[in-house]
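What follows is each chain in one-letter form.
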Amino acid sequence: MSEDVWSAEGTTPDAIGTALREMLRSRHASNRALAPARVLNLVVVVDRAWKDEIANRLAGVGRYHASRTILCAVEEGRSALDALAVMSYDEPRNGLGVMHESVEIDIGPDQIARLDTIVDPVVVSELPTMVWCPHGHTEALRALGGIVDVILLDSDDETDCTWAMAWAGKLLESAYVVDLAWLRSTPWRERLAASFDMPGRLAALGELDAVTVRHRVGSRASAMLLVGWLASRLHWDVTSLSSMNGAGLRGAATAAGGEVEVRLESSDQDVPGLAGVTVSWGGEHSLSLDRGRGGLRARERSGAGERAWQILGASRGEGGILGEGVRQALLRDPTYGPALQQARNLCP
Amino acid sequence: MNAAVADQITAENPLVEGLERLPVHPTTLVIFGATGDLAHRKLLPALYNLAHEGALPERFELVGIARRDLSQEEFRSMARASIERFSRRRPDADVLEVLLGDMRYLSGSFDDDGVYTDVEQTLREFDEKAGRPLDHIFYLSTAPQFFPVIASKLGAAGLNEAGDAETRLVIEKPFGYDLVSARQLNAEVLSVFDESQCFRIDHYLGKETVQNLMALRFANALFEPVWNRNYVDHVEITAAEDIGIEGRAGYYEGAGALRDLVQNHMLQLLSLLTMEPPSSFEANRLRDEKLKVLEAIVPPAVEDVASMAVRAQYGPGVVGGVRVPGYREEEGVAPDSRTETYAALRLHVSNWRWAGVPFYLRTGKRLERKLTEIVVTLKPVPHLALQSSGSVGPQSNQIVLTVQPDEGVSVSIGAKIPGARMRIRPVNMEFRYGTSFVSESPEAYERLILDAMRGDATLFTRNDEIEALWGIIDPMLTAWSDDTTSPIPQYPAGSAGPEEANALLLDCRLWRRL
Chain A
1 MSEDVWSAEG TTPDAIGTAL REMLRSRHAS NRALAPARVL NLVVVVDRAW
51 KDEIANRLAG VGRYHASRTI LCAVEEGRSA LDALAVMSYD EPRNGLGVMH
101 ESVEIDIGPD QIARLDTIVD PVVVSELPTM VWCPHGHTEA LRALGGIVDV
151 ILLDSDDETD CTWAMAWAGK LLESAYVVDL AWLRSTPWRE RLAASFDMPG
201 RLAALGELDA VTVRHRVGSR ASAMLLVGWL ASRLHWDVTS LSSMNGAGLR
251 GAATAAGGEV EVRLESSDQD VPGLAGVTVS WGGEHSLSLD RGRGGLRARE
301 RSGAGERAWQ ILGASRGEGG ILGEGVRQAL LRDPTYGPAL QQARNLCP
Chain B
1001 MNAAVADQIT AENPLVEGLE RLPVHPTTLV IFGATGDLAH RKLLPALYNL
1051 AHEGALPERF ELVGIARRDL SQEEFRSMAR ASIERFSRRR PDADVLEVLL
1101 GDMRYLSGSF DDDGVYTDVE QTLREFDEKA GRPLDHIFYL STAPQFFPVI
1151 ASKLGAAGLN EAGDAETRLV IEKPFGYDLV SARQLNAEVL SVFDESQCFR
1201 IDHYLGKETV QNLMALRFAN ALFEPVWNRN YVDHVEITAA EDIGIEGRAG
1251 YYEGAGALRD LVQNHMLQLL SLLTMEPPSS FEANRLRDEK LKVLEAIVPP
1301 AVEDVASMAV RAQYGPGVVG GVRVPGYREE EGVAPDSRTE TYAALRLHVS
1351 NWRWAGVPFY LRTGKRLERK LTEIVVTLKP VPHLALQSSG SVGPQSNQIV
1401 LTVQPDEGVS VSIGAKIPGA RMRIRPVNME FRYGTSFVSE SPEAYERLIL
1451 DAMRGDATLF TRNDEIEALW GIIDPMLTAW SDDTTSPIPQ YPAGSAGPEE
1501 ANALLLDCRL WRRL
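Chains A and B, in that order, give the protein sequences. Here the working numbering is used: position 53 in the first sequence is 53, and no number is missing along the way. Here the working numbering is used: position 390 in the second sequence is 1390, and no number is missing along the way.
The set of hints was computed from the structure by calculation and includes no laboratory data. The beta-carbon is built from N, C-alpha and C at its ideal position, and this holds for glycine as well. Treat the hints with care, since some could be wrong.
What the hints assert, rightly or not - Heads up, simulated SDA-like pairs for lysine to any residue below, C-alpha to C-alpha not over 25 Å straight-line:
#1 B/K1416 <-> A/N31
#2 B/K1129 <-> A/Q111
#3 B/K1129 <-> B/Y1177
#4 B/K1129 <-> A/D47
#5 B/K1129 <-> A/P199
#6 B/K1129 <-> A/A304
#7 B/K1129 <-> A/R297
#8 A/K51 <-> A/L96
#9 B/K1129 <-> A/M198
#10 B/K1129 <-> A/T278
#11 B/K1129 <-> A/E306
#12 B/K1129 <-> A/R307
#13 B/K1416 <-> A/R293
#14 B/K1153 <-> B/S1181
#15 B/K1129 <-> A/G200
#16 B/K1129 <-> B/G1101
#17 B/K1379 <-> B/V1298
#18 B/K1292 <-> B/K1153
#19 B/K1153 <-> B/L1038
#20 B/K1416 <-> A/S26
#21 B/K1370 <-> A/M198
#22 B/K1292 <-> B/N1220
#23 B/K1129 <-> A/R27
#24 B/K1416 <-> A/R27
As the list claims (entries may be wrong) - If you only want the chain B side, here are some residues facing chain A, beta carbon under 8 Å, derived:
#25 E1017
#26 G1018
#27 P1023
#28 V1098
#29 E1440
#30 S1441
#31 P1442
The task is simple: from the sequences and hints, build the whole structure.
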């Protein structure tokens, strides 16, 4: 990987934009097989002390990186803008080489309220823009409202799940939201959908009588969203869950076929996200999916006995989840909003 | 939830909405020819990548069949080596272990009834283990002479249907050797399997850029208004390779460029380029439109072939700075071989939209570079007020769809050269997959295997379509095989092809540079 680098202290957004254009022009002039990636602007607003940690997370997304990443690092007491722009590329061997741009801008807290005036001249204007504020900085979201198409967030990051759901719902009113907590539930949603897709099995969806979701302690939002998804897709009426004296949450939903018991249980797994899900129907049938090596372990119980098997799939890891978040900025999932609404109804 | 909602749930799966990955029903995939080159390079790595992404069905069993006498462990070692070498991503050790651990290998000759007894028993075992009948896919990745044998033996063993589960037959190319043999093969296969069970693969259709051809035409108001005889001057479809026959003389001597690339890939590109918009992208709606346009291509009479098609062979030359032998000097090729390594043809689509527009197709081995592209050249503007003095001046607009190596679309337009004078030169507006999408395209085989497991035949060739494809090139095959005396034009390896191909171009047109 080769890099062209530009930096300046006490600079301006216009100067940064000009520097990026010049880097692009000169690199393209020296090698016409190099072309700039033009997919997505990703604006990340972070505390300066944690800038490197976030930069490392972004580096871990692999091929799913945005084409232009603008990292705004907020530092107490700062008023001037310092900037570092890096254009990275692999020298093309055969055919085309693609260039990616990343810009780090150090800003002061007072500049957040008008962050749009700093970011707007630096984004590629014809591309969609996604913003991610992993350290809060909600005022940055307000400031960038006019130029942002997609907001990336992680409802699992918040200790107060009820607040996290409400916040996501509020953001959804003004932009498309990509929630990493939702994306952690994707393989589970896909497998549940597939498990009930077989002829003869589909009707069981109308007979579900219990759902238990097992999750890491800090990933309650993912669990809530998974239940919210089932509730929204299967037209359940849900009410808020109650605490089970520290052992999780429990409650009930009302479906056409009767009551559905809902339980959220904490699991002590290391990785964020879900640990397992069990759905039951018809009194004697149940299907459990649990995280395992090389995929999910499936276990099905019925009156005829029990069967267990392995469903293939590699864990995406947190880097993969973040990369998927970037990729989802270009898609539109119509089921997140209704699932979120139901998840909010489940919140204690 | 009311009764109407309950009814809706039993009619369609409400959990599928919004998911990128659609459910695939539990399946046993049986690969005939599991130790062959295609399985080694493409099928096993594609299956691994599907497993890695969690795209395989929740219950998936794989059975490999081939003549080689291998133990289960030897087959798994071979499969592991194939996946590790050819997978587009580095395999995850846990996923690979589970995938390999469940694989089953059966050895035997494809005409041996015992093999099919073993297959039946293995499938039954898997069904019993799953507690339900799994869908069965039989993938014929063998030499083509075994296609009818395997289809017939599967039928005789009662394996062409599986009660409540689905049974499908995936057949690799080449499907037939000419029109007569393709018809015969269709008849033999369709005497055992229903057409809805048959999935004839042309892996080009699984390529993102080929599917993007439909997106370009039918998702953009910009192009469709000019996509007709009023605006299009001519079309070129090129599939150039810089490699030779790569030690495959045995296959290539019996095939040649026309069968190897024109009959399938290039005519598929032509049909997608010229078909009318389908009413939906349901498999048969799309294939109906492709068939209609293929039937509108009038094959030349055998005696007219010389004026509409050119064949040639590569001679010795230099490719990439390396001296390479001519075709007739390749190992396994007869010194007097008349097999073409280059074919170019001029076709016409005789319908309202395309009447009078020439379509030029060319393909060859050992050409100066590897390139697959479609070039749609528009007619020049009717009146030229702008001066061209001091510049190349306005040129006809060209829409270029590159299938490989740099997948994308470019449109050439005339633009003013900066300066005091009104001088024009063509510039390009470009879209490249590599720069415009963050995601990596899956291999064509990943998409096609998944589609076959889901029963979606949209990207597979139907029986009548395959016969229409052969019908177009059959007169050329006949004329060239009948002509045993005329010298075969030669072109130097590493060149753009034979001079004789220029004679096909009407009205002083020129082939686009490779």
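Next item on the list: Hint by hint, work out which the structure violates, then give me just those numbers in ascending order.
Entry: Of the numbered hints given earlier, those the structure breaks are 2, 3, 4, 8, 13, 18, 21, 23, 30 and 31, listed in rising order.
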